[in-house]
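Protein chains: 2
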Amino acid sequence: MVQFQLLSLRAAPKLLVLFFFFILVNFHIAEAGVRHYKWEVKYEYKSPDCYKKLVITINGKSPGPTIQAQEGDTVIVEVNNNLLTENLAIHWHGIRQIGTPWFDGTEGVTQCPILPGDTFVYQFVVDRPGTYLYHAHYGMQREAGLYGMIRVAPNDPEPFSYDFDRSIILNDWYHSSAFEQAALLSSIPFQWVGEPQSLLIHGKGKFECSLSPSSAAGVCDKNNPECSPFVQTVVSGKTYRIRVASLTALSALSFEIEGHNMTVVEADGHYVEPFVVKNLYIYSGETYSVLVKTNQDPSRNYWITSNVVGRNRTAPPGIPPGLAIFNYYPNHPKRQPPTSPPTPPAWDNKDSRLAQSLAIKAHQNYTVKPPTTSDRVIVMLNTQNTIDGFRHWSVNNVSFSLPHTPYLVALKENITGVFNQTPPPDGYDFNNYDISSVANNSNATSSNGIYRLQFNITVDVILQNANTMSKNTSETHPWHLHGHDFWVLGYGNGKFDVNNHPKNYNLVNPIMKNTVPMHPFGWTALRFRSDNPGVWAFHCHIESHFYMGMGVVFEEGIDRVGKLPSSIMGCGKTKGLLRHN
Amino acid sequence: MVQFQLLSLRAAPKLLVLFFFFILVNFHIAEAGVRHYKWEVKYEYKSPDCYKKLVITINGKSPGPTIQAQEGDTVIVEVNNNLLTENLAIHWHGIRQIGTPWFDGTEGVTQCPILPGDTFVYQFVVDRPGTYLYHAHYGMQREAGLYGMIRVAPNDPEPFSYDFDRSIILNDWYHSSAFEQAALLSSIPFQWVGEPQSLLIHGKGKFECSLSPSSAAGVCDKNNPECSPFVQTVVSGKTYRIRVASLTALSALSFEIEGHNMTVVEADGHYVEPFVVKNLYIYSGETYSVLVKTNQDPSRNYWITSNVVGRNRTAPPGIPPGLAIFNYYPNHPKRQPPTSPPTPPAWDNKDSRLAQSLAIKAHQNYTVKPPTTSDRVIVMLNTQNTIDGFRHWSVNNVSFSLPHTPYLVALKENITGVFNQTPPPDGYDFNNYDISSVANNSNATSSNGIYRLQFNITVDVILQNANTMSKNTSETHPWHLHGHDFWVLGYGNGKFDVNNHPKNYNLVNPIMKNTVPMHPFGWTALRFRSDNPGVWAFHCHIESHFYMGMGVVFEEGIDRVGKLPSSIMGCGKTKGLLRHN
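Protein chains in written order, with the UniProt record's numbering: chain A, 1 to 581; chain B, 1 to 581.
You may find that some hints are simply not true.
Because identical chains cannot be distinguished in the list, a pair is counted as satisfied if it fits within a single copy or across any two copies.
As a list, the in silico DSS-like pairs of lysine-lysine whose alpha-carbon atoms are at most 25 Å apart [as the list claims (entries may be wrong)]: (1) Lys495 - Lys61; (2) Lys573 - Lys38; (3) Lys563 - Lys573; (4) Lys471 - Lys278; (5) Lys222 - Lys38; (6) Lys369 - Lys334.
In short, the hints are calculated from the structure, not lab data.
Sequences are here, hints too, so could you generate the full structure?
Below, the structure is given as structure tokens:
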């Protein structure tokens, strides 16, 4: 403004316009701010569960820093890859990336990986309030420790009130490296990575060091302060909003705060018609907010627990619970609760899990009505298969493989020869396939073909579970959709009946989510609008399952995608694209 | 030729020229052939010393396939990077890359790394006969198992004869991963990676499984056929040429074939005036050919051994010898020799090692005379330093760091801001620096500055050893020069005297090599011609030492370098270079 007064009057009209423009811009920035982060990513030795191993850290931490923003803010994250020989990509889980599909952070789908030494700048708008996540989306790097939370505060009042806002990220934890797990999964014969060694609550767990004695001398130290339990300190007589998120590599979890009920009020950024639970089932990629009243005896502490469900946590060597402390001030935060940790639900009580899935409805005042009909229905049969001797997961007998040129660039820039032009099928042999028999369908193939969706239509996806390659076994799979929220229209047991089950869809108050479980031997029905120009992954959020091919990719409105930033290019055929000589 | 007859006569003169051209070209190709290799690089579980760990393999093998070529051949290697998230670069050790400096395979110096999914084509001429190597030259990937041998057969008769030609690559072996070692080395306080767990002879060693009992159940298996000892079967009464090479991460070795003398005839591709040894000292990056007469009692087998020298192999837990079997046919190849493995030289007998270094002279009929004077002398003081709390190795108090944009591309394409334009010093404070005191020079810096050499001059390099940061300690360092062979003019104990020691240089029959040891508390003097346009690394071949900054880079004749292939670009500032929009 000082400069303005110094300028000649002749320039005034133009400058006046500029002046108001600047005011508007500044006002806009003041309202919708910019959150700028600088992250250095590298390997460090950490002992999150007392067992020392290499962990990928952000600014020295795993989980990484929480991104705190206001609805409408622009988040800028400068990621410096300081890994020695390894590339990187970071996905902003639950952020729809409207207008910025190139910053979804999915290697092979929306970008080339970030090379060692490079700094990549992610920039996107967090357009909705709620609880979201970020994590590596390249190879199996997520389980190496690169993950964290995004909290977006609302501009408008919320349909519930609380005194304090707290966060807890749940995880499971392996002592083997992502490299080692990938090598096992790609072995002939197939070698399963097994169950995790421990469960982490907000980055802290407790591995029983005596289970790996001699060689672990100096490697496992139960007194390492890095694995002292996570403590959530509370004061009595208040209401706490606790944002609970899971980024497990494998495990479905049951989360509980001993002696305290939890009222579920938010799921994946959407307000939930409140319901009360003793334990919260949570699947990898999901986030919830629960309200907890600190209305119990304040003279003691209580257990916070996570337990594996859906897989046999009791089979030797067993998966011990994740344990943290719900600390009533002024009790000492390390004071052990006088009771034993609460008994978790039976691992195989799938009815209880299905019931909780069904209980999650949109809040009555915040319901976004789904379209009543769909334009396209894709039924996705989930099976295990053997292809060329390798074990895979498949959708309609097609096991997904990532190309090394990102789809988004290939499609937008018309680069040919990048991926198979034959899309995967929209269904399977409904009439003849027996979902309760061991999968012996031998005609499965591996492909990087994708679903191309007409822009702005309504798409239904039915996730159909089935028996794996082991007798009487069907697993729980949390499916996550990039770039969208979907309506959860229904869940059911057994085989989905395309003629009858849609009649029972919840079209009244379905919750919108970005991640949803498909229960054992069951089905889950979703609906979304193909209204976000870009290329979007939809996949099982279990790290090893996506690695084994359990995913698909949707393209929609590629012609409406803006000019791609060159920062996402440089690999595969996009290396040649940049070369105009 | 059939086609030629079908053509009209009017075209004949031109075609006649073409005809002879084709004949010449074909003749040339017939004489200098093309050796075409396709390599798939990936991680696999292997048990080279009975302990199962992830190994980087080429076509399923570590060591990788031997490249066998004829002098003058063009070698083409298509490298497909099938690592999941990790890049790659392969150096052709000892190949001078005349005219192809961009295919030297040194990440950060001559090329960008090869991304996962990419296929990179190396193409170069093997212009001299002899024994060479290849190995990863990125991060610390070499010690993950990516290495092998290049054998180039001569067009002319050699100054020795033999009945059979055999190869043995020596290595040391760690059970921790390259990632883990790098993280240790970059810790504050510094954590040394320690001594190797075993020594490998041609990819096979024997770790004593009982040393890591419980957790190693299923991990260490002494009966795994992958770690059955390497067997060199021979027939009695013959002369064997054995090419012995070392690619250890750390260890200097003494190599011996029990009861058999060895006549050294080749070193790093140059014929040696033959001399006889009982044990061959060999440093990482060196190759030798020795002649062995099978003139011992043929009714039994003999030990082939490698032992660590220069470092205390007896300190607990100790480094057991590498053991293989020299199998006189028709004895069973697995039959143990009836004797104990021969006693190796004392690990600290440095006089014996210096004596052998001095014994290596050029063969009298194959001596390439060095220039009698030099145009530039660079004295390189090798010290340990602490910089910002991190432990480094330095040359003249400058610890080398690699840029993420290759020097070759930056210099040739005039990309600025890639590296520090201040070169490292040509010397140190000769008069005042005490090489036998603990290095406490606190003014060391880290830099990616390089030496820029006038083209086609004679350069002397004096490698000056000194005390480390531990009392009374000076280590052995094998220095390797890319793009050149150098004359080894002399070795000495103590501090190099620039006024007097050059008077004793061997200018009569110095051996030419590409790798040479610098002995503890001693110096080594080299001379080379800066006649190979390109950018060339010169560094300690110990994997962890180069990682810690023990290296320099020379540029010479950059203006004479031909058009760079775009395949070497795409990282750092060369990503922008390719973008012409």
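Going through the hints against the structure:
no.: 1; hint: Lys495 - Lys61; verdict: neither (44 Å within a copy, 46 Å between copies)
no.: 2; hint: Lys573 - Lys38; verdict: between (30 Å within a copy, 20 Å between copies)
no.: 3; hint: Lys563 - Lys573; verdict: both (18 Å within a copy, 21 Å between copies)
no.: 4; hint: Lys471 - Lys278; verdict: neither (33 Å within a copy, 64 Å between copies)
no.: 5; hint: Lys222 - Lys38; verdict: neither (33 Å within a copy, 49 Å between copies)
no.: 6; hint: Lys369 - Lys334; verdict: neither (47 Å within a copy, 76 Å between copies)
Against the hints set out earlier in the document, violations occur for numbers 1, 4, 5 and 6.
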